[in-house]
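Protein chains: 2
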Amino acid sequence: MAEFKKVAEIIDGKKVAGDIRKELKREIDEWVQNNNNRAPSLVAVIVGEDPASKKYVENKMNAAKEVGITSKTIKLESSATEKDILNLINKLNKDDTVDGILVQLPVPEHVSERTVCNAVDPRKDIDGFHINNMGKLCVNNETFVPCTALGVMELIKRYKIKTFGKNVVVCGRSKNVGLPMAMLLHSDYRNELPGLEATVTLCHRNTPREELVYFAKRADIIISATGVVNLITPDMVKPGACIIDVGITRIQTEDGKTKLVGDVDFDGVSKVAGHITPVPGGVGPMTVAMLMKNTFQAAKSLKGTT
Amino acid sequence: MAEFKKVAEIIDGKKVAGDIRKELKREIDEWVQNNNNRAPSLVAVIVGEDPASKKYVENKMNAAKEVGITSKTIKLESSATEKDILNLINKLNKDDTVDGILVQLPVPEHVSERTVCNAVDPRKDIDGFHINNMGKLCVNNETFVPCTALGVMELIKRYKIKTFGKNVVVCGRSKNVGLPMAMLLHSDYRNELPGLEATVTLCHRNTPREELVYFAKRADIIISATGVVNLITPDMVKPGACIIDVGITRIQTEDGKTKLVGDVDFDGVSKVAGHITPVPGGVGPMTVAMLMKNTFQAAKSLKGTT
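As they're listed, the protein sequences go chains A and B.
For the first sequence, the residue numbers in our numbering are 1 to 306.
For the second sequence, the residue numbers in our numbering are 1 to 306.
None of these hints come from the bench; they were simulated from the model.
Be careful, since some hints might not be right.
Unchecked claim - Listed below are the simulated DSSO-like cross-link pairs for lysine-lysine, each with C-alpha atoms no more than 30 angstroms apart in a straight line:
hint, chain 1, residue 1, chain 2, residue 2
1, A, 217, B, 238
2, B, 271, A, 300
3, B, 83, A, 303
4, B, 55, B, 72
5, B, 175, A, 175
6, A, 83, A, 22
7, A, 217, B, 162
8, B, 217, A, 175
9, B, 157, A, 175
10, A, 160, B, 175
11, B, 300, A, 83
12, A, 238, B, 271
13, B, 160, A, 175
14, A, 54, A, 75
15, A, 217, B, 217
16, B, 217, A, 238
17, B, 217, A, 162
18, B, 15, B, 271
19, A, 257, A, 55
20, B, 162, A, 175
21, B, 55, A, 157
22, A, 83, B, 303
23, B, 175, A, 217
24, B, 175, A, 162
With the sequences and hints as input, model every part of the structure.
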């Protein structure tokens, strides 16, 4: 006899990201044709030979092509100096045919990531990592929001997850995911960049497990971005809660192969939660789609046609 | 027979602020004498006739005098345009005899507070309200931290309140207190601007009362900056917790006089808490002392002698 269980609705990031790319394609085509504009353009800078970085950049370039954004990848040797990178960024900043610049992180250890992020013209900073844009995010001014945080926000909106006055636990305090996430979630909706009005608890590596459980049990939404496999287990999830899994870790399976998993015990938690994102196919594709959105935004702003 | 109760230790902000002013006075005298520098200098801009603003600026000017900072207040009519204010700020930005600039908030309604805050040279922005400095705070770079948040941090340090892995509830999400507070509290201590490694829950006007109670009961530290009288009551405080009251509200007493109170039911909560700040005499004086610290910092940075 079949077993019937109420299981969480899967938040299909892959599908939503596809929808967004289609929407963007339409908007970009229209913008180009109606205003006689050149296509928006994106340059990715990659330093060194990290295979994961190469794969990420490749995905971004494919998405760009799909939506009608011209793109180019510039590769520098891992021996490139900070000055080499800054010179290149400076050239791209001045180049009127470039709308969006992304420097794929991480950069080699002898280069300051912060210096590199702050070197990108804030108007071309489609990753939203420049301190200027982070400051704008703080005060809820319109800006480039880091793509993963923006992607999660978009999923929350499209799946009509309620946030006003709700409790959210964010696990992980990274500057590109956890922190901007907390910023968007807690703040006032009556802003240039509207917030989601939730009560936010920001947990991290120094949050004791029992405290995380105390907060998670009360959470209407849990967003986990830590890279800790099985951090979120069914016993700590409130029935019906929305679980967003930003973690991506490659693990070895029993048969010697590898697979990607998130921070969440998906099988267990999906029997308790109301909504859940899978890994892969959840947040990942949204990050790339949002990068395209930000690039188009940059093109429009630089052209003065927002 | 006398009743013996264990009551909270009072965090004496007035005394600590006095200590800090004395320390600063010594440091500034030394810096001026040893380097043949002119005294650090501070200009306050006040627009309109708000009596509270006038009082605040007066307090700041008195503190400046006490620690050996030259200060000046420039008053503009409430009819001054945004352009008038920006012109003045621009002049002060260029003036080499000015180290710190503060525009007393609020500005009149026809003026954009954000535009004014962003007009101050970030190197002279002793209030830490420029988006550039807020962005630096986000990524834990050395910067001017908004004075009230810096003052609370200093009290926590001087009273040796533990924060590592502890739970903190911040009530109020203002950009000058609640948000920077949350930023300092949650972040990693291994940074240029070291964080306090706490788990932070940021509550605000749309946090339901019962949820606030849930979080507060588990909190090792509660920081309330809302202006809601009696928001924090004894039943929601964990025995031994540290209570920091940033609220200031003027209320009418039964005899028709007025007095200043905070967000915390002081009499009730001090019977449960381990530490508590009074209002007045708690956080208030610290804000002014930290402004002096930031001004001295600005003078040193501009002179290149940090």
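Do the hints match the structure? See the list:
{"no.": "1", "hint": "217/A x 238/B", "verdict": "19 angstroms, holds"}
{"no.": "2", "hint": "271/B x 300/A", "verdict": "59 angstroms, violated"}
{"no.": "3", "hint": "83/B x 303/A", "verdict": "26 angstroms, holds"}
{"no.": "4", "hint": "55/B x 72/B", "verdict": "14 angstroms, holds"}
{"no.": "5", "hint": "175/B x 175/A", "verdict": "18 angstroms, holds"}
{"no.": "6", "hint": "83/A x 22/A", "verdict": "39 angstroms, violated"}
{"no.": "7", "hint": "217/A x 162/B", "verdict": "25 angstroms, holds"}
{"no.": "8", "hint": "217/B x 175/A", "verdict": "29 angstroms, holds"}
{"no.": "9", "hint": "157/B x 175/A", "verdict": "25 angstroms, holds"}
{"no.": "10", "hint": "160/A x 175/B", "verdict": "28 angstroms, holds"}
{"no.": "11", "hint": "300/B x 83/A", "verdict": "28 angstroms, holds"}
{"no.": "12", "hint": "238/A x 271/B", "verdict": "34 angstroms, violated"}
{"no.": "13", "hint": "160/B x 175/A", "verdict": "28 angstroms, holds"}
{"no.": "14", "hint": "54/A x 75/A", "verdict": "10 angstroms, holds"}
{"no.": "15", "hint": "217/A x 217/B", "verdict": "15 angstroms, holds"}
{"no.": "16", "hint": "217/B x 238/A", "verdict": "19 angstroms, holds"}
{"no.": "17", "hint": "217/B x 162/A", "verdict": "25 angstroms, holds"}
{"no.": "18", "hint": "15/B x 271/B", "verdict": "22 angstroms, holds"}
{"no.": "19", "hint": "257/A x 55/A", "verdict": "19 angstroms, holds"}
{"no.": "20", "hint": "162/B x 175/A", "verdict": "24 angstroms, holds"}
{"no.": "21", "hint": "55/B x 157/A", "verdict": "46 angstroms, violated"}
{"no.": "22", "hint": "83/A x 303/B", "verdict": "26 angstroms, holds"}
{"no.": "23", "hint": "175/B x 217/A", "verdict": "29 angstroms, holds"}
{"no.": "24", "hint": "175/B x 162/A", "verdict": "24 angstroms, holds"}
Hints 2, 6, 12 and 21, counting from the list given before, are not met by this structure.
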